[in-house]
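Residue numbers (our numbering), protein chains in the order written: chain S, 1 to 387; chain L, 1 to 138.
Calculated directly from the structure, the hints in this document are not laboratory data. Hints are not guaranteed to be accurate.
Unchecked claim - Short derived list, chain L residues pointing at chain S, Cβ under 10 Å:
{"hint": "1", "residue": "V13"}
{"hint": "2", "residue": "P22"}
{"hint": "3", "residue": "E39"}
{"hint": "4", "residue": "C40"}
{"hint": "5", "residue": "A53"}
{"hint": "6", "residue": "A57"}
{"hint": "7", "residue": "W61"}
{"hint": "8", "residue": "T74"}
{"hint": "9", "residue": "V76"}
{"hint": "10", "residue": "W77"}
{"hint": "11", "residue": "Q80"}
{"hint": "12", "residue": "A91"}
{"hint": "13", "residue": "C108"}
{"hint": "14", "residue": "A126"}
Stated by the list, open to error - Across the chosen pairs, the derived CB separations fall in these ranges:
{"hint": "15", "chain 1": "L", "residue 1": "S25", "chain 2": "S", "residue 2": "D250", "range": "35 to 43 Å"}
{"hint": "16", "chain 1": "S", "residue 1": "D275", "chain 2": "L", "residue 2": "E97", "range": "41 to 49 Å"}
{"hint": "17", "chain 1": "L", "residue 1": "G107", "chain 2": "S", "residue 2": "A184", "range": "48 to 56 Å"}
{"hint": "18", "chain 1": "S", "residue 1": "D244", "chain 2": "L", "residue 2": "T60", "range": "23 to 31 Å"}
{"hint": "19", "chain 1": "S", "residue 1": "T178", "chain 2": "L", "residue 2": "S25", "range": "52 to 60 Å"}
{"hint": "20", "chain 1": "S", "residue 1": "M1", "chain 2": "L", "residue 2": "E97", "range": "48 to 56 Å"}
{"hint": "21", "chain 1": "L", "residue 1": "D128", "chain 2": "S", "residue 2": "G317", "range": "43 to 51 Å"}
{"hint": "22", "chain 1": "L", "residue 1": "D128", "chain 2": "S", "residue 2": "A184", "range": "39 to 47 Å"}
{"hint": "23", "chain 1": "S", "residue 1": "P355", "chain 2": "L", "residue 2": "T2", "range": "42 to 50 Å"}
{"hint": "24", "chain 1": "S", "residue 1": "A40", "chain 2": "L", "residue 2": "D116", "range": "56 to 64 Å"}
{"hint": "25", "chain 1": "L", "residue 1": "G107", "chain 2": "S", "residue 2": "D181", "range": "47 to 55 Å"}
{"hint": "26", "chain 1": "S", "residue 1": "D181", "chain 2": "L", "residue 2": "M1", "range": "44 to 52 Å"}
{"hint": "27", "chain 1": "S", "residue 1": "P167", "chain 2": "L", "residue 2": "P82", "range": "47 to 55 Å"}
{"hint": "28", "chain 1": "L", "residue 1": "T2", "chain 2": "S", "residue 2": "F90", "range": "52 to 60 Å"}
What the hints assert, rightly or not - According to the in silico footprint, chain S covers these stretches of chain L (three or more CB under 8 Å from chain S):
{"hint": "29", "segment": "28-38"}
{"hint": "30", "segment": "64-71"}
{"hint": "31", "segment": "94-107"}
{"hint": "32", "segment": "118-124"}
Ideal placement from N, C-alpha and C gives every residue a C-beta, glycine not left out.
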Amino acid sequence: MPHPLRDVAIAGVFNTEQARTLEGRDSLSLAVEGALGALADAGLSIEDVDGVAGQFAAEMVLGARMGPCSRKLSTHGIPTVLEAASMIAFGECEVVVIGAGGAAMYMERSATAPWTRPSNELVVGYGLFTAAEFALMARRHMLQYGTTREQLALAAATVRNNGHVNPDAVYCGRGPFTVDDILASRMVADPFHLLECSMTSEGGCGLVLTSASRALDAATTPVWILGGAGDTYGPAYVVPPVWDLRGRGDDLPAGYVGRRAARKCFALAGLGPSDVDVAEFYDPFSFEIIRQLEAYEFCGEGEGGPFVEAGHIAAGGSLPVTTDGGTMSFSHAGLNAQMLQRVIRGVQQVRGTCPSSQVPDVEVAMCTNGGSGALFTDVMLLASERP
Amino acid sequence: MTALRPQAVGIPVGAHSAAAEPYWSGCLRGELLYQRCTECREVNMKPASSCAACGAAALTWERSEGRGRLYSWTVVWRPQHPSFEVPYAPAIIELDEGFWLMSAMVGCDDEDLRADLPVVVEFHAASDDVTLPYFRPA
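Same shape as in the complex, but just chain L:
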């Protein structure tokens, strides 16, 4: 049994796209944002400038309640890069608003992870200017 914790500042964070800039600004404020189309009302999975469902350039950012269920997970013991501390638990979260998000589980032990576990978002800094959403049991 091992506690799952957020990574320390200094992990790779990558370059941010223009389309996802509002998402990252929201994370810095502690808000989980997602895109919804004002034409067809579908949720958009990957930040973009037009809707994947209907093609309309009518996407708007909405704030998620940050609650959902654990859809899938893994517990990693061989780090991708030495800046990551093991174990860590990459997880796919199914948000209540109806979209999937790549994240990681924290605030519990690796043995607590189970399908459909109710989860809630929390935010942790990954670098001076990037904050990442993580999830813990609700």
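One chain only, chain S, in its complex shape:
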């Protein structure tokens, strides 16, 4: 049987300017700018678009006078890309554009960012926000496997140092950071220090997916989707983030959310973890890097910390991670853009066009979204070779 996404390619990607704040901008205009930039990257015109996916999909159709268009409404990064891919695979569309952006949302700086604060009745009274939710997962791993603060800090330093050398990162030039630098930053939610947490910023981005035949004629080298899948254990930030929470389907704990999805991806691709050249992991907190190494079986359970200490995830290592600096240093606009930006960086790595930290000869890139504290993880595999 041919691969289900054999006739789908990613033909264009684009990041707008990213900054701590972009004066006078709003989320929709950044999403439109991201979408138009991705079309230009692909050498396609807005007249070619017959599908829109993701954040603001319907608004973008009206706001950019597109249409009539198909539209899908998933608002998370990797599922959005998979929806766009399905629109092409099903023959519904020829050119699908995705745009996302965030600005003018984080105005009350005495509180944590609005998207970090859960409002559910069972958790709201305990002052939780994403750093605290993810800390509750990290603590269990530290208790169970002896994972150390230094190992967490090294994961954060690695990602932040990728941002330090990335000219497009919000925190370009802010490093380099050592483990001691990370541990000397102020405590936010133990065990997470400030420099182990994602930052907040503003920015937009876009992607264009099209049919294989059009992509092969497009301005850029097509990037192919080998697989995509997601796991969830329930709504984020409603029940306590319990590492040992289990569904009835299997024995995987919520702490390893994403393992089932990664196995599905690898199975469809006919590949395994050792085939991945670069891992564009979502990096909301330092611990999530260590957790994902174990969840996707790059190493054994409890071996994520030593794997990081051995230098595998650093630039030049066997599995460089989050090479643009991720949400800790590149950008974190809050809703959807920073999730799509994992896929955008994966595309740049496969194309060989990264402005910094380009891994040589990338054939397979893994991109991920979400995290244990939010009880969901999405996984995608990109490749240079058509499946």
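Dock chain L against the given chain S, drawing on the hints supplied.
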């Protein structure tokens, strides 16, 4: 070493769902309630009108003894909202009846927190009409 105390009245408390109303009424009386299915006897983690384990619309409220163990915790030094006083220690409690509850540790120092610490519930008002369960070392 810093003492962990309950938050003062005035923190965000959110809107209460119909399914959880008995839970909140119990808290006001100083009783920790949880749902159990009268069909399959499983404990239900999130207040609902039907059982997550067997689907039966047969959930009943039972009173917990309010005793359990500290499963996981964090100590927060950057408040989610300025109405929270730091430090505070959100904690997941594993109750003896077999369910997990989101709460916070009080009545001890941050350095006293350790895995499997035996804990017992106590109640503190968070607003005029909402009382929250907290836990302290037993």
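Taking the numbered hints from earlier one at a time, note which ones the structure violates and give those numbers from smallest to largest. The structure conflicts with hints 2, 3, 4, 6, 7, 13, 17, 21, 25, 26, 27, 29, 30, 32, although it agrees with all the remaining ones.
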